[in-house]
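Here the protein sequences come in this chain order: L and A. Letter by letter, the first sequence follows residues 27 to 233 of the working numbering. Letter by letter, the second sequence follows residues 27 to 233 of the working numbering.
You may find that some hints are simply not true.
Any copy, or any two copies together, can satisfy a pair, since identical chains are not distinguished.
[Unchecked claim] For lysine to any residue, the following SDA-like pairs were computed, each having C-alpha atoms within a straight-line distance of at most 20 angstroms:
id: 1; residue 1: 233; residue 2: 60
id: 2; residue 1: 73; residue 2: 133
id: 3; residue 1: 233; residue 2: 214
id: 4; residue 1: 73; residue 2: 84
Keep in mind the hints are simulated off the structure, nothing from the lab.
Number of protein chains: 2
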Amino acid sequence: VEGEHLIQEAYMAGFLQMVLWQKDVPYQDIETYQVSADIIEKLSNVKSNQGMIGVCRFQRLDALNHHVLLLDGIQDPGNMGTLIRSAVAFNFDTIVVEQCVDLYNAKVIRATQGAIFKINLIEMPILSFMDHHPNITYMATDLSATDSVIHESKQPLGLILGNEGAGVRSSLLNKANQTIKIQMTHTESLNVAVAGSILMYELGGVK
Amino acid sequence: VEGEHLIQEAYMAGFLQMVLWQKDVPYQDIETYQVSADIIEKLSNVKSNQGMIGVCRFQRLDALNHHVLLLDGIQDPGNMGTLIRSAVAFNFDTIVVEQCVDLYNAKVIRATQGAIFKINLIEMPILSFMDHHPNITYMATDLSATDSVIHESKQPLGLILGNEGAGVRSSLLNKANQTIKIQMTHTESLNVAVAGSILMYELGGVK
């Protein structure tokens, strides 16, 4: 991770393992190295780096599964990061991903604004997850759905979102308890991060 | 604009003036040129182009001002395009921009998915717009607002969103009729395109 804000978020969440910094490092209890600007520049993914790199361990949180977001083929790193950020904001505790952009892609991490350290991330086939968790009420977005009212919001619940172009696979739509479309006008569809965030806002019990 | 979908949207909205195409052009009533792959590649902004470029005129729509989105310093082209797309979907008719990324940036246009041809876009100082339209009820997002309930949703209404880092300028916050913060947990803020889309979903009268 790069930049003071993300390193601080990783530190507070207990994921930070090592810091490389041009100046004095403010953390006492973390393995630290003071390094040259050249080394930071080699490691950095951004044009103008902030002179610091944090190294984090992968997450190994226990599945909570009260509010689960299931992502089927999200490809854009900005959308993925924004969905993780909104999931945390609206009280979703677990994200299951299948055939998505790499969760540890630098653009994904940046777009999460540190939220990636606050949620349980699982990579597995969504159908298997659904088979293993039949107690969850699953809702999937579908542009051909006639329903725009949320009938079921009892916990545990799962919200399934699909690929930017193709949407949710039909095998998942068939298995979901409800398919839903957000009401809109003059246009065919919403950005997937926007649609997912609106539904999490409605379903997460925070508003 | 590039790609069949955007060119078709521009055509239907009456903005398409000229088409450059490698194959036969399907439009009879538009100035067209059949050109080589080299020419398309020179003009294209994307890695793998679809072999066609449309040339559009700038928009000159009349201001409608029933539902107005006011953008103060939005810098990310993806956020700008997504906000335009959501504004159209949720029945906002006018967007006023000040100190934002160029509306005709190729990434902005792509992220709108054609919605840019369906809304009234005005570039002017937001304070001047507010002075000239005192009949509009203005609502601004503010992370230090205590209010998370929408009191006023009577038309005409204006929603003010701010820069990704700095938020809405204090001069605009002071002039707004209400400041509002979307309820969230575990995190400090939402992506601006997500926050704006949720509020337009609540305010646009479409849901």
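Hint check:
1. Taking the shortest alpha-carbon separations for residue 233 and residue 60, neither the intra-copy value of 44 angstroms nor the inter-copy value of 54 angstroms comes in at or below 20 angstroms.
2. Taking identical chains as interchangeable, the C-alpha atoms of residue 73 and residue 133 lie at most 20 angstroms apart whether they share a chain (13 angstroms) or sit on different chains (19 angstroms).
3. Taking identical chains as interchangeable, the C-alpha atoms of residue 233 and residue 214 lie at most 20 angstroms apart only when they sit on different chains, with a minimum of 15 angstroms there against 27 angstroms within one chain.
4. Taking the shortest Cα distances, residue 73 and residue 84 never come within 20 angstroms of each other, neither inside one copy (25 angstroms) nor across copies (33 angstroms).
Going down the numbered hints, you'll see the structure goes against 1, 4, while the others check out.
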